[in-house]
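Asker: Please arrange chain B on chain A, whose structure you already have, making use of the hints.
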Amino acid sequence: MARFVVDVMPKREILDPQGKAVLGALPRLGFEGVLDVRQGKRFEIEVEGEPSDDLLAQVRKMAEILLSNPVIEDFEVHVEEHTVAEIAQEEGR
Amino acid sequence: MKIGVVTFPGSLDDVDAARAVTVGGHEAVALWHADADLRGVDAVVLPGGFSYGDYLRCGAISRFAPVMGEVVEAAGRGLPVLGICNGFQILCESHLLPGALIRNDHRKFVCRDQRLRIDNNRTAWTWAYAEGQEIVVPLKNGEGGYVADEATLDRLEGEGRVVARYLEVNPNGSLRDIAGVTNERGNVVGLMPHPEHAVEAFCGPGTDGLGFFTSLVERAFA
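Chains as they are written, first to last, in our numbering: chain A, 1 to 93; chain B, 1 to 222.
Watch out, some of these pointers could steer you wrong.
Claimed, not checked - To give a feel for the contact side, a few chain A residues facing chain B, derived at Cβ under 7 Å:
1) Ile-14
2) Pro-17
3) Ala-21
4) Leu-23
5) Asn-69
6) Val-71
7) Ile-72
It is worth saying that the hints were derived from the structure and are not from the lab. For clarity, every value in this text was computed on a predicted model and none was experimentally measured. Beta carbons: idealized from backbone N, C-alpha and C, even for Gly.
Isolated chain A, as found in the complex (with noise of 0.2 Å):
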């Protein structure tokens, strides 16, 4: 199985009001000297399949056409080391 993470970000350029929601609350809470916070969103997408180019190219697709909206936002694909199932099974020994 190949496990893959695509980080979706709003663009630098495009107002981001949850990054600044959260960059409100953090010096309220005490945390002092924060200068920016940008909230974007994590998938982590497992294929049949060892990975390959081939899957790497379905999921810039799959981040392309449904995870992101190119108009507002950026993507980045990589591939993880372990499926999920091999992370539970390490946790667990």
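Answerer: Just chain B, lined up with the frame of chain A:
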């Protein structure tokens, strides 16, 4: 004329939109998100609400509903399509209209009677208005901030494709006070405020919204 109103899971204003269609003198035809069938309608309204729970992004899932394949194809042939609020978000996600709608800049849901100016009365849906006419219709949204890059905004303004602009207050941080836009052909219109809630005097701020539902006929006989 027969005007279809699409119901998605989570649509809220489909019944009001259908009523506005009827008050405007048309036959309202119920369309279902899961049916790839426009039932021979002459125009389509995508109503407001929270289709698919606004999951992922507003309109992002609805865009791939079976009915939307038909809507996109028919819009390409010139079928009039009006997207209101969530419908506007769906039209942007479908790439039938440029830009996107993001969370209000002040981060609060807004619900108010909103004054607008009709900047383009040459679309299929705004023919009944005078250019520059001011109207008041309800506005209610959490993610109504219209954004696009500068080049797109300049092109929209240059081509007269800003259909309506907010007056008095910008309620959601929309760039250049844009409340609605149209495509190059003028058959697809997206609008964040709700004209369908202002078509009868006994309820809502007046009847200023009715023009969106009488324009199709007025243009046909113009």
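Asker: It remains to establish, for every hint, whether it holds in the given structure.
Answerer: So, going through the hints one by one against the coordinates:
no.	hint	result
1	Ile-14	6 Å, holds
2	Pro-17	4 Å, holds
3	Ala-21	6 Å, holds
4	Leu-23	12 Å, violated
5	Asn-69	6 Å, holds
6	Val-71	4 Å, holds
7	Ile-72	5 Å, holds
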